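Work out the full structure, taking the sequences as your base and the hints as a guide.
Sequence lines, in order, name chains A and B.
Residue numbering for the first sequence follows our numbering, beginning at 1 and increasing consecutively.
Residue numbering for the second sequence follows our numbering, beginning at 1 and increasing consecutively.
There may be inaccurate statements among the hints.
No copy labels: a pair is met if it fits in one copy or bridges any two.
To be verified - Straight-line alpha carbon distances no greater than 25 Å define the calculated SDA-like cross-link-like pairs of lysine to any residue that follow:
{"id": "1", "residue 1": "Lys153", "residue 2": "Asn47"}
{"id": "2", "residue 1": "Lys76", "residue 2": "Tyr166"}
{"id": "3", "residue 1": "Lys2", "residue 2": "Ile26"}
{"id": "4", "residue 1": "Lys153", "residue 2": "Asn129"}
{"id": "5", "residue 1": "Lys182", "residue 2": "Asp193"}
{"id": "6", "residue 1": "Lys153", "residue 2": "Gly60"}
{"id": "7", "residue 1": "Lys28", "residue 2": "Arg90"}
{"id": "8", "residue 1": "Lys22", "residue 2": "Glu75"}
{"id": "9", "residue 1": "Lys2", "residue 2": "Ala208"}
{"id": "10", "residue 1": "Lys2", "residue 2": "Gly163"}
{"id": "11", "residue 1": "Lys185", "residue 2": "Asp150"}
{"id": "12", "residue 1": "Lys22", "residue 2": "Ser165"}
{"id": "13", "residue 1": "Lys153", "residue 2": "Phe43"}
{"id": "14", "residue 1": "Lys76", "residue 2": "Ser86"}
{"id": "15", "residue 1": "Lys153", "residue 2": "Asn194"}
{"id": "16", "residue 1": "Lys76", "residue 2": "Ser165"}
{"id": "17", "residue 1": "Lys153", "residue 2": "Pro127"}
{"id": "18", "residue 1": "Lys153", "residue 2": "Arg128"}
Just so you know, these hints were derived from the structure itself, not from any lab.
None of the values given here were measured: they were computed from a predicted structure.
There are 2 protein chains.
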Amino acid sequence: MKLYDCPGPPSPRRVRIFLAEKGLDIEKVIVNIREGEQFNDEFREINPNCTVPVLELDDGSRISSIDAINRYLEEKFPEPPLFGSSPEERAHINDCCHYINVNGFMAVAEALRNSAPRLAHRAITGPRNVEQIAELAERGRQRVVYFFEDMNKQLENQEFMAGNSYSVADIGALVVVDFATKMAKIEMPEGLDNLNRWHAAISARPSADA
Amino acid sequence: MKLYDCPGPPSPRRVRIFLAEKGLDIEKVIVNIREGEQFNDEFREINPNCTVPVLELDDGSRISSIDAINRYLEEKFPEPPLFGSSPEERAHINDCCHYINVNGFMAVAEALRNSAPRLAHRAITGPRNVEQIAELAERGRQRVVYFFEDMNKQLENQEFMAGNSYSVADIGALVVVDFATKMAKIEMPEGLDNLNRWHAAISARPSADA
Numbered sequence: 001m002k003l004y005d006c007p008g009p010p011s012p013r014r015v016r017i018f019l020a021e022k023g024l025d026i027e028k029v030i031v032n033i034r035e036g037e038q039f040n041d042e043f044r045e046i047n048p049n050c051t052v053p054v055l056e057l058d059d060g061s062r063i064s065s066i067d068a069i070n071r072y073l074e075e076k077f078p079e080p081p082l083f084g085s086s087p088e089e090r091a092h093i094n095d096c097c098h099y100i101n102v103n104g105f106m107a108v109a110e111a112l113r114n115s116a117p118r119l120a121h122r123a124i125t126g127p128r129n130v131e132q133i134a135e136l137a138e139r140g141r142q143r144v145v146y147f148f149e150d151m152n153k154q155l156e157n158q159e160f161m162a163g164n165s166y167s168v169a170d171i172g173a174l175v176v177v178d179f180a181t182k183m184a185k186i187e188m189p190e191g192l193d194n195l196n197r198w199h200a201a202i203s204a205r206p207s208a209d210a
Numbered sequence: 001m002k003l004y005d006c007p008g009p010p011s012p013r014r015v016r017i018f019l020a021e022k023g024l025d026i027e028k029v030i031v032n033i034r035e036g037e038q039f040n041d042e043f044r045e046i047n048p049n050c051t052v053p054v055l056e057l058d059d060g061s062r063i064s065s066i067d068a069i070n071r072y073l074e075e076k077f078p079e080p081p082l083f084g085s086s087p088e089e090r091a092h093i094n095d096c097c098h099y100i101n102v103n104g105f106m107a108v109a110e111a112l113r114n115s116a117p118r119l120a121h122r123a124i125t126g127p128r129n130v131e132q133i134a135e136l137a138e139r140g141r142q143r144v145v146y147f148f149e150d151m152n153k154q155l156e157n158q159e160f161m162a163g164n165s166y167s168v169a170d171i172g173a174l175v176v177v178d179f180a181t182k183m184a185k186i187e188m189p190e191g192l193d194n195l196n197r198w199h200a201a202i203s204a205r206p207s208a209d210a
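Shown next, in the form of structure tokens:
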């Protein structure tokens, strides 16, 4: 197993934190995305979508979506379980992850990728250029604020994003919050005490530095 | 177990086809979305996201994302497996489903929801109104055409979307193609023979009528 990785962006961090929580250290190949190495012919052979991370499986084939990568790792290394311990727990973690991806991760990506000058023509990741839409950046920023408010409400009576155990949903949400506040510079509204309490706790885990 | 369902839109169809392929017939409650029943106080208690479908689990709790619903059904009723039969097969099916969702399903939704007059202020599903962005509708239509081309290429040397067995990826992709061509009126480019061959085969399965 081998991970094509790069420091900085949110997606590979979701895999690195997952690996850290599992106590795993797998072979890594750093892709220099600042130099645009993901668009080179050589990397297109590895991943035609030109995105990082990529996990090379034991059989030599490769996958590139975070969801597929983390689920494969969960299956190969079940302890500690990060996708839940019962069908119902898994159902709620999967559900929670969906909303974190759609309302959180994609909203921040919309906000950032449709506005940052360095991402001109790169409004969506992938092999094709896509032009930015200024209105969509604005809509994305608003959606991120809604997402913060919704997360704060969800954390009112529970310690973790998807209930009372740490899970892959906490990894996803941590990365969204940091992606939003540090990279897209979207301020968290004041008074979201539950969200702040949760963020401090999750950030204090050693895995958060991965 | 109980499914809140409605005829017409693509998302509940993804669950109904999944159930049909499993040979399952579970209790269904029809939500009248043409009358806006999903925004009623009563339904908000069932699903604060105001979306259909919703699966009520055996413990009375509820989930509303298609991914979580179909995974729960897979776990409860493993035969025939629709998410793959080995860790590697599951990895590729999960990966394929991710791209079908992001590049297919969401692109069609962007195209339709940002342009249809009946969906004014409803550019995104959920409890909050979101204004349409005309440019995003146009970009969505273009992305759907790319998606058709990519699927056609993927099907060059394989019978099904994620390899050589029917899987949940075929369900997702079938619903995307029908959503695009029948509801969003996006024409499939001519000459995509692999995609047409695959679409005819998948549509001929009894489950496609679900």
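Hints, verified against the model:
1. Lys153 <-> Asn47: between (39 Å within a copy, 15 Å between copies)
2. Lys76 <-> Tyr166: For Lys76 and Tyr166, the Cα distance is within 25 Å both inside one copy (19 Å) and across copies (24 Å).
3. Lys2 <-> Ile26: Close inside one copy (6 Å), not across copies (42 Å); limit 25 Å.
4. Lys153 <-> Asn129: Answer is between; shortest inter-copy Cα gap is 19 Å, intra-copy 38 Å.
5. Lys182 <-> Asp193: Within one copy only: 19 Å inside, 46 Å across.
6. Lys153 <-> Gly60: Between. Shortest inter-copy distance 21 Å satisfies the 25 Å Cα cut-off; intra-copy 43 Å does not.
7. Lys28 <-> Arg90: between (29 Å within a copy, 23 Å between copies)
8. Lys22 <-> Glu75: both (12 Å within a copy, 23 Å between copies)
9. Lys2 <-> Ala208: within (21 Å within a copy, 39 Å between copies)
10. Lys2 <-> Gly163: Result: close only across copies, 22 Å inter versus 32 Å intra.
11. Lys185 <-> Asp150: Classified as within: same-chain Cα gap 19 Å, cross-chain 34 Å, threshold 25 Å.
12. Lys22 <-> Ser165: within (15 Å within a copy, 31 Å between copies)
13. Lys153 <-> Phe43: between (42 Å within a copy, 19 Å between copies)
14. Lys76 <-> Ser86: both (17 Å within a copy, 11 Å between copies)
15. Lys153 <-> Asn194: within (8 Å within a copy, 47 Å between copies)
16. Lys76 <-> Ser165: both (21 Å within a copy, 22 Å between copies)
17. Lys153 <-> Pro127: Result: close only across copies, 15 Å inter versus 38 Å intra.
18. Lys153 <-> Arg128: between (38 Å within a copy, 16 Å between copies)
When each numbered hint is compared with the structure, no violation occurs for any of them.
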